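Just so you know, the protein sequences line up as chains Y and U, in that order. Position 229 of the first sequence, counted from 1, bears residue number 229 in the numbering used here, the numbering being contiguous throughout. Position 235 of the second sequence, counted from 1, bears residue number 235 in the numbering used here, the numbering being contiguous throughout.
Note that these hints are calculated values from the structure, not bench results. Check before you lean on any hint, since a few could be wrong.
Copies of the same chain are indistinguishable here, so a pair counts whether it falls within one copy or spans any two.
Said to hold, decoys possible - Lysine-lysine pairs mimicking DSSO-like chemistry, simulated, CA-CA at most 30 Å apart: (1) Lys4 x Lys219; (2) Lys155 x Lys224; (3) Lys208 x Lys224.
Only a predicted model underlies this, so the values are computations on that prediction, with no experimental measurement involved.
2 protein chains.
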Amino acid sequence: MDVKEHIESLAMQARSSSAVGSRATTHQKNDALEAIAQLLSEQVDRILAANAIDCDRARSNGLEPPLIERMTLDSDRVSAMCEGLTQVAALEDPVGAIVDETRRPNGLLISRMRTPIGVIGMIYESRPNVTVDAAALCLKAGNAVILRGGSESIKTNQALAALIANGLESASLPKGLVQLVGTTDRDAVGHLLQQARDVDLIIPRGGKSLIERIASESKIPVLKHLDGNCHAFIDASADPEMASAIVLNGKTQRNSVCNALESLLVHEAIASDWLPNIGRRLNDAGVEIRACERAMGLLGGVERVVGATEADWSTEYLGPIISIRVVSGVDEAISHINRYGSHHTETIVTAEEASANRFIREVDSSSVMVNASTRFADGFEYGLGAEIGISTDRLHARGPVGLEGLTTLKWVVRGEGQIRG
Amino acid sequence: MDVKEHIESLAMQARSSSAVGSRATTHQKNDALEAIAQLLSEQVDRILAANAIDCDRARSNGLEPPLIERMTLDSDRVSAMCEGLTQVAALEDPVGAIVDETRRPNGLLISRMRTPIGVIGMIYESRPNVTVDAAALCLKAGNAVILRGGSESIKTNQALAALIANGLESASLPKGLVQLVGTTDRDAVGHLLQQARDVDLIIPRGGKSLIERIASESKIPVLKHLDGNCHAFIDASADPEMASAIVLNGKTQRNSVCNALESLLVHEAIASDWLPNIGRRLNDAGVEIRACERAMGLLGGVERVVGATEADWSTEYLGPIISIRVVSGVDEAISHINRYGSHHTETIVTAEEASANRFIREVDSSSVMVNASTRFADGFEYGLGAEIGISTDRLHARGPVGLEGLTTLKWVVRGEGQIRG
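Construct the entire structure; sequences and hints are all you get.
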């Protein structure tokens with residue numbers, strides 16, 4: 001079968017299965033999730049053997065070590081997948097929930113019911129755990145999903161998909177609810193992006209260029225996760241030690257992730273007292289500094305600091321570098337963030353409620369925080385149970401996306417024979 | 001200035017003004033709305049004079065009478081616009097509202113705040129009231145809007161836009177919050193659809209072909225309002241007189257609108273008793289019938305009835321025609337609707353809660369109703385105060401879209417120095 005036909009057939013299968021998925025009971029969906037977890041724990045060896053083939057091939061193809069590290073499974077990582085399945089099973093079923101019920105003067109009872117979106121196309125790179133996580137979340141939200149994993153992990157993903165299909169079958173759900181694109185042909189993605197009749201939403205996870213290409217090519221709405229150029233603003237009233245802890249955590253706890261801190265804005269009133277100390281501590285933690293002129297003047301005793309260029313303010317380093325700017329107050333901080341930021345996650349450290357409220361209200365980002373590390377911008381940390389991604393889009397869902405973001409609302413109207421006059 | 005530059009400059013103005021709009025107080029936004037209403041009531045003559053120029057030109061260009069009727073203003077229609085402005089001013093301000101507040105085990109307080117979307121591009125055809133309605137809703141939700149009305153109404157829209165600009169100014173809000181595309185050049189729409197950096201959402205209102213063209217060309221998310229092939233299913237337990245009233249209201253109260261009834265499904269258990277009567281009454285009301293074979297057999301005494309073709313089941317007539325099919329029960333009704341319908345609005349007439357619940361849960365439409373006329377699918381009838389359109393999309397907003405659909409939610413996290421372990 002050629003790749004276009006293959007994708008069309010997956011999309012048609014997904015559409016017809018999604019009707020069954022949308023009617024499936026909570027019990028049935030949880031049975032499937034638990035059956036998949038059970039099969040996964042029984043067949044760890046089989047999954048690891050498939051993964052070993054992928055990793056060997058990746059090594060002989062000269063793939064970079066960090067990428068090989070990301071795609072490599074071990075029994076702990078498989079256990080984590082099982083745990084994820086159990087956690088999703090434990091989440092409340094969003095489908096069928098009624099919200100915002102009101103009665104109109106004519107007696108009509110108006111409400112909205114949460115429903116599945118329909119068919120999701122998930123396009124992702126090397127991490128094979130996404131195969132299981134995405135399947136679990138889409139299934140629990142009553143959707144069908146078409147998975148297109150990285151070609152380097154094809155054997156692993158095929159083994160996982162076979163096991164998911166068995167789990168679905170044991171819960172009497174159609175295998176069409178979770179399907180893996182069965183070819184590594186690069187054209188498959190392009191064809192998937194054309195299936196607007198049968199696919200309702202594309203969720204890409206991976207590098208910025210992949211996501212931008214998908215967004216520009218897709219005929220289907222895309223929930224994008226682009227860069228996280230995250231800021232901390234240290235207000236004049238900030239507790240200095242709290243500010244330092246939040247900055248160090250944001251920058252050094254894990255620096256390759258989208259919610260890591262990239263840029264530090266410091267109120268001029270505390271800059272001379274606080275900056276030299278945090279500068280040294282960042283240096284000690286292996287972090288390079290790109291500083292504005294005023295900050296440079298205050299970081300005299302700090303070794304690894306260079307002048308920031310205009311480009312630094314918009315850069316997501318994803319590594320041990322931070323930009324630092326001294327600002328005149330909350331106004332300048334907000335306008336700097338809204339101008340140079342990527343609208344992902346920003347935090348203010350302050351003791352003043354008025355500054356906190358202005359920051360929350362006026363910073364235009366998917367997560368705005370007060371006195372907390374940007375590293376908390378995450379579906380699990382927010383109590384969503386799991387996340388399918390973090391949306392940097394403004395429509396439908398913004399920030400960490402869990403089950404609710406995989407659903408939509410329809411209007412429900414109940415009457416006793418009302419007609420319109 | 002060439003048209004591309006003009007559109008780019010509007011988009012940049014809108015983006016910078018939207019920051020001011022998002023921070024505007026409820027009081028300030030309501031002041032602007034009331035000032036616009038006041039100016040509109042004072043300057044009716046000026047608006048009507050501009051409209052007369054448009055209508056004269058439209059007539060000499062040979063525009064169809066129904067289109068001229070739609071674009072023609074009189075003092076009643078201008079009064080209705082004023083009333084609309086006052087109603088939007090009276091609506092609760094959605095911006096800044098906090099929803100779903102929860103506290104996490106680590107003490108973080110997680111919630112979401114409603115915020116404006118940013119910049120809306122509104123593309124519509126002849127009705128000039130859309131200029132005022134869309135401006136009012138976008139403004140109240142804290143957005144900037146770029147309006148592209150039909151070229152036939154350019155003078156009217158320019159007069160309205162000038163007045164809106166004065167109203168904004170008198171409330172100390174930037175004129176860039178509501179801007180009209182100042183040219184009738186057809187390329188303007190194409191350029192607007194490219195401004196993905198500065199425009200966040202396109203809302204087209206008009207014929208299906210316009211909307212499809214916009215959706216396929218746009219680089220910006222589009223909230224579409226496509227066709228309404230609306231169904232009524234009359235269950236075995238339906239009260240016959242209630243069923244007739246709902247069908248007659250749905251089909252004949254106004255047949256050119258998207259929530260008018262297009263297709264009638266009748267349970268076989270009541271078809272022989274009920275169909276001949278409703279058939280005659282539809283005929284008496286001037287409605288032609290396209291019937292399935294079984295319905296044909298029961299409509300012997302009815303004059304204007306012909307056999308339905310397969311194409312009839314998917315047709316939105318937008319006129320005095322209805323298709324009728326006898327079905328074996330709620331199962332067949334649901335699968336017929338999900339297969340042939342346009343996922344807009346459907347109603348069931350029934351006395352059985354079980355049938356009602358299955359219909360509500362399983363019919364995949366933006367509005368599902370029990371014992372009510374499909375004609376109620378409307379933002380005003382649902383209590384939204386006003387609507388900017390009815391979305392037939394599944395993402396972001398489905399069905400009638402009011403103020404809430406013109407906003408999005410950002411995450412708000414409040415801590416006392418929490419860092420991630």
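Next on the checklist: Run through the hints listed earlier and report the numbers of any the structure violates, in increasing order.
Outcome noted: Failing hints: none at all.
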